[in-house]
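**Student:** Letter by letter, the chains look like this.
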Amino acid sequence: MTLPEGQDPEATSDAGATPEAAVPAPAAAAAPAKPARPAKEVEPKDAPRVAPPAGSINDVLAKAAAITLTAAYMVPEMKGECVAIEVARDDIPAVMTAARDDSRLDLNYLRCLSGVDWQDEGLEVVYHLWSISKKHSLQVKTRVTYEDPNVPSIAAIYPAADWHERETRDMFGINFEGHPNLVPLLLPEDMTDHFPLRKDNPLQEIEEWQGDNLRDGAGEGDE
Amino acid sequence: MVLERDPALDVVDMPINMGPQHPSTHGVFRMVLVVNGEKIVDLVPHIGYMHRGGEKLMEAMDFRQGIGYCDRTEYLAQFSAELAYCLAVERLMDLQVPERAEYIRVILTEMNRLSSHFMFAGAFGVDAGVFATSFTYAFPQREFLQEVFEEVSGDRLMYAYFRVGGLAWEVPDNFVQRVHEVLVHSAQGLKDIDDLLTKNEIFMARCQNIGSFSAQRAIAYGLSGPMLRASGVPWDLRKDEPYSIYDRFNFEVPVGNYGDVYDRYLVRIEEMRQSISIIEQALEQLPPDGPIVPEKMPRRLRTPPGEVYAKVEAPRGEWGVYLVSKGGDKPYRLKMRSPSFCNLSALREMTIGHYLADAVMILGSMDIVLCDVDR
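Line by line, the protein sequences are chains A and B.
Positions 1 to 223 (the working numbering) are the ones given, in order, by the first sequence.
Positions 1 to 375 (the working numbering) are the ones given, in order, by the second sequence.
Just so you know, these hints were derived from the structure itself, not from any lab.
Bear in mind that the values here come from a model prediction, so they are computed numbers and not experimental data.
Treat the hints loosely; a few may be bogus.
Only pairs whose alpha carbons sit at most 30 Å apart, straight line, appear in this in silico DSS-like list of lysine-lysine [as the list claims (entries may be wrong)]:
id: 1; chain 1: A; residue 1: K63; chain 2: A; residue 2: K135
id: 2; chain 1: B; residue 1: K326; chain 2: B; residue 2: K296
id: 3; chain 1: A; residue 1: K63; chain 2: A; residue 2: K134
id: 4; chain 1: A; residue 1: K63; chain 2: A; residue 2: K141
id: 5; chain 1: B; residue 1: K56; chain 2: A; residue 2: K141
id: 6; chain 1: B; residue 1: K56; chain 2: B; residue 2: K326
id: 7; chain 1: A; residue 1: K141; chain 2: A; residue 2: K199
id: 8; chain 1: B; residue 1: K239; chain 2: B; residue 2: K191
id: 9; chain 1: A; residue 1: K141; chain 2: B; residue 2: K239
id: 10; chain 1: B; residue 1: K239; chain 2: A; residue 2: K135
id: 11; chain 1: B; residue 1: K326; chain 2: A; residue 2: K199
id: 12; chain 1: B; residue 1: K56; chain 2: A; residue 2: K199
id: 13; chain 1: A; residue 1: K134; chain 2: B; residue 2: K239
id: 14; chain 1: B; residue 1: K199; chain 2: B; residue 2: K39
id: 15; chain 1: A; residue 1: K141; chain 2: B; residue 2: K326
The task is simple: from the sequences and hints, build the whole structure.
**Tutor:** Structure, rendered in structure tokens:
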């Protein structure tokens, strides 16, 4: 069957909204090599962090685990639903045990564990916790350096972390100390020397091609 | 004279390899089972055969291209994966999706749940030894649903129909009528499968009290979706953390009593009935016309710096997308929390102590998609 006429949402409205739209696309025949587009990347500016209201989950947790949090703030994009805390890596087992066992928190569900490579600022591990009974969530973050990428394992506290930690070790080379079986999970057994998701491990040209191709004007003249 | 037994005749633990190419592993999955006689003593799962570095590739794709990759990751519940990704980007960009687009998204996502669960029912019947009969009951139904998806998106499997902010294009004019037609088929197909399997004595004998998992263990292992609900935890993201417009529909969340393989089957069958009900309600409320993308849709998708965790209730459980952006048109980091991955991590504990043949049933009841395990 024939498709209805395509209506590309990206190409429909306000042409002058982004700075790139004002730059005319270079004529393909005139320029054999693609001229570099003027660099007009939007300067990233961090949104101001909003501290959680007093008596929030972070205060309860700090008291229950008897530690000091490096930082605590509301995740802005989560519309006040989620509190994020940053802790020192050595405090991770205490934080997780308190989060799971304290009856006021009851964060019994580890929904996600991810690594993030912040380059100059080191490697980060992000834990997403959720309480099935209390219906609140908490993000726990901790930073380590490339030279010393060790984080205590929480596989004994949350069995769900077992495979997540193995995957994060595969991809970022973060060593989860005390993990019962920290062998490669998704990668081949002998691939323990380089870590694909780190930023110093760039994609091959062929893999980048699609993204760059689109950046140079494809998709703007779809209709 | 003392009679000695030959120690060579003792039953000893023996490792058996199963997979990666094995019809019962539902994809490229390998497990090494250590058996004592017919009893499983240990099980070591090996995954990663389908690992394509999707999370890395998506860092090089802009936000529109990434949608196509979601289909290729979760190829039985494509719309759920697309929806989670779109929700994450929309949340970062603070976009409001138009009503009509929201309804069409819900209709398609729930139809996708039907087709995915039909696939489960067909394959699970085969695992249980129904031979191909359950497949011949379930697959025509999946085909009817896929025809509608094809009419809407232009592709049988890789739809890439959802867009950040709404939908790619308007649905065909006869969409509502076609969905009604297909729902009649689906209801009949559901009844056929119910008649064939649910009260079948052999099927029940193979399913009941197999792979039982308590609610506490299920939560600890991060199980989600029908796996968690079969263990008696009434946790459904559509109810507990409503996204999109799920708070507008009436539906029940079925839970099991025993957490065994049979409960997981029953939960999925009941979920299909609820899905049909949700689709019917959505068709009734669907605005006849209106925009399908926001009016102030930026020409180029750029997000401000930030992070967001978006999640949807996919047929297999919680499909989460953790998106970190440093500004610009590409994700800085994208983690796909796939339900199959988390569910599969509990396989070892669930299987030990059962018979070898039951391992196939337990794996089948998880309804894993290996592409989504390996990403």
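**Student:** Against each hint, give a clear statement of whether it holds in the structure.
**Tutor:** Hint-by-hint comparison with the structure:
1. In summary, the hint linking K63/A to K135/A is supported, as the alpha carbons are separated by about 21 Å, within the 30 Å threshold.
2. The suggested pairing of K326/B with K296/B holds, with an alpha-carbon distance near 23 Å, which does not exceed 30 Å.
3. Restraint check for K63/A and K134/A: the C-alpha separation of about 19 Å stays at or below 30 Å, so the hint holds.
4. With a C-alpha separation of about 18 Å, the suggested pair K63/A and K141/A falls inside the 30 Å cut-off, and the hint holds.
5. In summary, the hint linking K56/B to K141/A is supported, as the alpha carbons are separated by about 21 Å, within the 30 Å threshold.
6. Restraint check: the Cα-Cα separation between K56/B and K326/B comes to about 16 Å, which is no more than 30 Å; the hinted pair holds.
7. As the CA atoms of K141/A and K199/A are separated by approximately 19 Å, the hinted pair is consistent with the 30 Å bound.
8. Between K239/B and K191/B, the direct Cα distance comes to roughly 26 Å. Compliance with the 30 Å bound is thereby established for this hinted pair.
9. The hinted pair formed by K141/A and K239/B meets the criterion: a straight-line CA distance of about 28 Å does not exceed 30 Å.
10. With a CA separation close to 11 Å, the supplied pair K239/B and K135/A stays within the 30 Å bound.
11. In summary, the hint linking K326/B to K199/A is supported, as the alpha carbons are separated by about 14 Å, within the 30 Å threshold.
12. For the given pair, K56/B sits about 9 Å from K199/A by alpha-carbon distance, which is consistent with the 30 Å threshold.
13. Proximity of K134/A to K239/B is assessed by CA-CA distance (about 14 Å); at most 30 Å being required, the pair is judged to hold.
14. Of the supplied pair hints, the one linking K199/B and K39/B holds, its CA atoms being roughly 27 Å apart against a limit of 30 Å.
15. Under the criterion of a C-alpha separation no larger than 30 Å, the hint pairing K141/A with K326/B is consistent with the structure, at around 17 Å.
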